[in-house]
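With these hints in hand, go ahead and build the complete structure from the sequences.
Protein chains in written order, with the working numbering: chain P, 159 to 294; chain Z, 197 to 344; chain G, 148 to 313.
If you are wondering where the hints come from, they were derived from the structure by calculation, not from laboratory data. Cβ atoms here follow ideal geometry from the backbone N, Cα and C, with glycine treated the same way. Treat the hints with care, since some could be wrong.
[To be verified] Some chain P residues close to chain G (C-beta under 10 Å, calculated; not the full set):
id: 1; residue: Val184
id: 2; residue: Gly206
id: 3; residue: Asn216
id: 4; residue: Asn218
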Amino acid sequence: MTELLGLEEKTYTLNLGPQHPSTHGVLRVLLEMDGEFITKAEPVIGYGHRGHEHMAENRNYTQFLPNMGRVDYLHALAYNQAYCMAVEKLLGLTVPERAEFIRVITAELNRITSHLLWFGLPHGPGGLYPIPLLLR
Amino acid sequence: MLKDNLKKALASLHLEKVAEGDYDQTGYHLEAAAQPAQIPEVAQAMLEADCFLESFTAVDLVESFDLVYHFASFDELCRTAVHVPLGKKKGMPTISHIYPGADWYEREVFDLFGIHFFNHPNLKRLLLPEDADFHPLLKDFGASQGDD
Amino acid sequence: METKTGEPLIHLGVLEEALNLARANSLWPITFGLACCAIEMMAAGAARFDLDRFGAGVFRPSPRQCDLLIVAGTISKKMAPAVVRLYEQMPAPKWVIAMGNCAISGGPFYYPTQYAIVPGADLIIPVDVYVPGCPPRPETLIEGILLLEEKITQRGRLRKFRDAKG
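Next comes the structure, spelled out in structure tokens:
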């Protein structure tokens, strides 16, 4: 009898929507909750899709370079570097040694900022709020 | 050596081509070409050799598609690129029962190119809104504007 | 005080000037970062370029408690209904700052066959202040907030600096 009335149902669906302080950027997660425990989580993505691949179809190598800085905006110079290295491999170019040193320095600095943001975000709103202050 | 094991495993599947690639030029060590129906066996051979699916995408050559699978390994540096030519309006078997990570890759290829995967557990759009009716990376969709 | 939501029901006369001053000096933004400009918005709220000294440093997660929506980042077509819904959930009086080139007019991602983005926030919600840049520096965002305060209070906040330069 209780099954007919649906009283045996134990889980409910909660939408952790695209705007939420703990989803930096936009990520939507459909949660099936049993009280406070999550039994199933299904992510829904695509809210940040800007069509970089479609843009690349009709651009020069130089024209496409700014896009690579926007793909991962926390570690932008590393993505720029990866793109430049791929283009250099295709064209058979070598860069001077000073450029390679500079690339290492900028890549490591970007890695530091990226990890600082990772550390600051889940702890920020409602947690250790001053941690993102390390960013600047 | 992983490369030799893979060459032996792939050679026994009667693929169209198994060749070595120049790592410094191209970034992969082994290259193979396969027919669409052979892909589940190739994936099974890769799984047994401890490789993981690194990426999977497609290229729209105007008359046909070319699907590209990249497999790599954590233990040894050996990347394998598998090319699969596919005609337009044809489907592909899925490998998501062998590599669960291919689930979202196949959804993305379906979303951007319109290629169907048989027996896929959840073939919905991934990046575009659910009710979109176009596939953007096809060549007749309209290229982005260039330098004008 | 005019907002895009229309005339208020009750006019309080001279008291409104004091209320506008209070509203302008304690704008509560919503944590709404979509893409790269969100990082600059967070940097503007952090220690070096402090937004809290202008009263606007309390980023609330819920739209019911905010009065300022800073659209920071590219609005994709999938996200546009969520942006409109957030704007409608905010209680009046409310203001919108379009931060960054993507929120103003689509930015570097706008070209004739773009399929994925809405080229500009003012196509879906009414915008009060536009802050250009890709991404704008945190000081630029602070100037945008000061301009918004000028718009709310009708008193010059930046005017004395502009006049001094002549």
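> Under the criterion of a CB-CB separation shorter than 10 Å, is Val184 (chain P) in contact with chain G as hinted?
Replying inline: holds, 6 Å
> Holds or violated: is the Cβ of Gly206 (chain P) closer than 10 Å to a Cβ in chain G?
Replying inline: Because about 6 Å separates Gly206 (chain P) from the closest Cβ in chain G, which is inside the 10 Å limit, the hint holds.
> When the nearest CB of chain G is found for Asn216 (chain P), is that gap smaller than 10 Å?
Replying inline: holds, 9 Å
> With 10 Å as the cut and Cβ atoms as the points, is Asn218 (chain P) at the interface with chain G?
Replying inline: Cβ of Asn218 (chain P) sits 14 Å from chain G, so the hint is violated.
Checked against the numbered hints given earlier, the structure breaks only hint 4 and satisfies all the rest.
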